[in-house]
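In case you want the letters, here they are:
Protein chains: 2
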Amino acid sequence: MTVSTASISAAPGAERLYAIGDLSAEFGISPRAIRFYEDQGLLRPQRIGGNRIYGAGDRARLQLILRGKRLGFALADIKELLDLYDVDADHLEQLRATLLKGRARIAELERQQQEIALTVKELREIGAEIEDSIRRKEAAARTAGRKGPP
Amino acid sequence: MTVSTASISAAPGAERLYAIGDLSAEFGISPRAIRFYEDQGLLRPQRIGGNRIYGAGDRARLQLILRGKRLGFALADIKELLDLYDVDADHLEQLRATLLKGRARIAELERQQQEIALTVKELREIGAEIEDSIRRKEAAARTAGRKGPP
DNA sequence: CCCATCCCTTACGTTAACGTCATGCATGTG
DNA sequence: CACATGCATGACGTTAACGTAAGGGATGGG
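First to last, the protein sequences are chains A and B. Going by my numbering, the first sequence opens with residue 1, and the numbers climb by one from there. Going by my numbering, the second sequence opens with residue 1, and the numbers climb by one from there.
Hints are computed from structural coordinates only; laboratory data are not their basis. Source: prediction; values computed, not measured. Note that CB positions come from ideal geometry on N, CA and C, so glycine has one too. Do not rely on the hints blindly, as some may be mistaken.
As the list claims (entries may be wrong) - Just the calculated beta-carbon pair ranges, DEER-fashion: (1) 141(B) to 26(A): 25 to 33 Å; (2) 136(B) to 32(A): 37 to 45 Å; (3) 26(A) to 25(B): 41 to 49 Å.
Unchecked claim - Chain B residues, not near chain A, derived (Cβ > 12 Å throughout): (4) 19; (5) 30; (6) 41; (7) 124.
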């Protein structure tokens, strides 16, 4: 019979590995999308005879990609964000540049936070008004039910 | 001479009005984009001899559109959101439906909040590590400056 | 009157992010 | 062995959100 849950067998103690189908199923995206992220340089899985093999790190990167997408960032932006994670600690100038990029990204995210907070607040206000309208409507309906017009 | 700041004259006490160029300049977008939003049913300005005339309400809607875009929503989603604002208080069923949509949208935004918070936290951690690396680098450079190799 | 400045519509072009299809290798199963 | 399953690589198709170009009316200044 075939192994159903994991298409890649793992030696005990070794890192858990995934085939492209595993990840696509787990995250509800298509294999095509995952390959596309690789084309764009967001993923670099190992290969075994042509087949892509993803480790825990690749999986984590994929999660970050999807989160970034949900936040409305373009893949190019997400790539920059991912690159912040694996900067080599040898080149001082690159470290400084990375730090600045990270801070800029944080600032941007905090602006988003505020805009979301504002939107939520406004939606809550609209919601309260609508609830009022509903209550008045229902009250009017009850009144009409007792002595209203035909 | 020509009126420079406002291309549409306003009677005292009347609502401030805008031409398409005014709004595009104010928000840093193209007239084409604004017309496109109208094509998609997100805006409904008045017309005066073919020309679009925007009031305060239209301007506010445009602001909401742009905010929604910054939050990563598609125009179709934003349209739904905008429709929440001008639901007529007469049809009870529509009120209830609007209320539900609004709540769903709020839930979605709150998920976004959490994801942003998580991302910011992780970026801060990376930032701290990078700062450490920089400090170590600088310290090593100073030491090397005193007695390091050529 | 001519020109510059807005505005309009129509229509085709472009980019991002995949979807879809064709084709082919490798492996495991009845 | 025939077949299904999973993965691979191309290559073309699609959708959203505009950009861009072409052609034309209205207005105001020099």
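Status of the given 25 to 33 Å range, CB of residue 26(A) versus CB of residue 141(B)
violated, 45 Å
Can you tell me whether the CB distance of residue 26(A) to residue 25(B) sits inside 41 to 49 Å?
holds, 47 Å
Beyond 12 Å from every Cβ of chain A: is that where the Cβ of residue 19(B) lies?
holds, 27 Å
Could you check that no beta carbon of chain A comes within 12 Å of the beta carbon of residue 30(B)?
About 19 Å separates residue 30(B) from the closest Cβ of chain A, which puts it past 12 Å; holds.
Are all C-beta atoms of chain A more than 12 Å from that of residue 124(B)?
violated, 7 Å
Check the following: the C-beta atoms of residue 136(B) and residue 32(A) are separated by a distance inside 37 to 45 Å.
Hint holds: Cβ distance 43 Å, inside 37 to 45 Å.
For residue 41(B), is the shortest CB-to-CB distance to chain A above 12 Å, so the non-interface label stands?
holds, 19 Å
When each numbered hint is compared with the structure, violations occur for hints 1 and 7.
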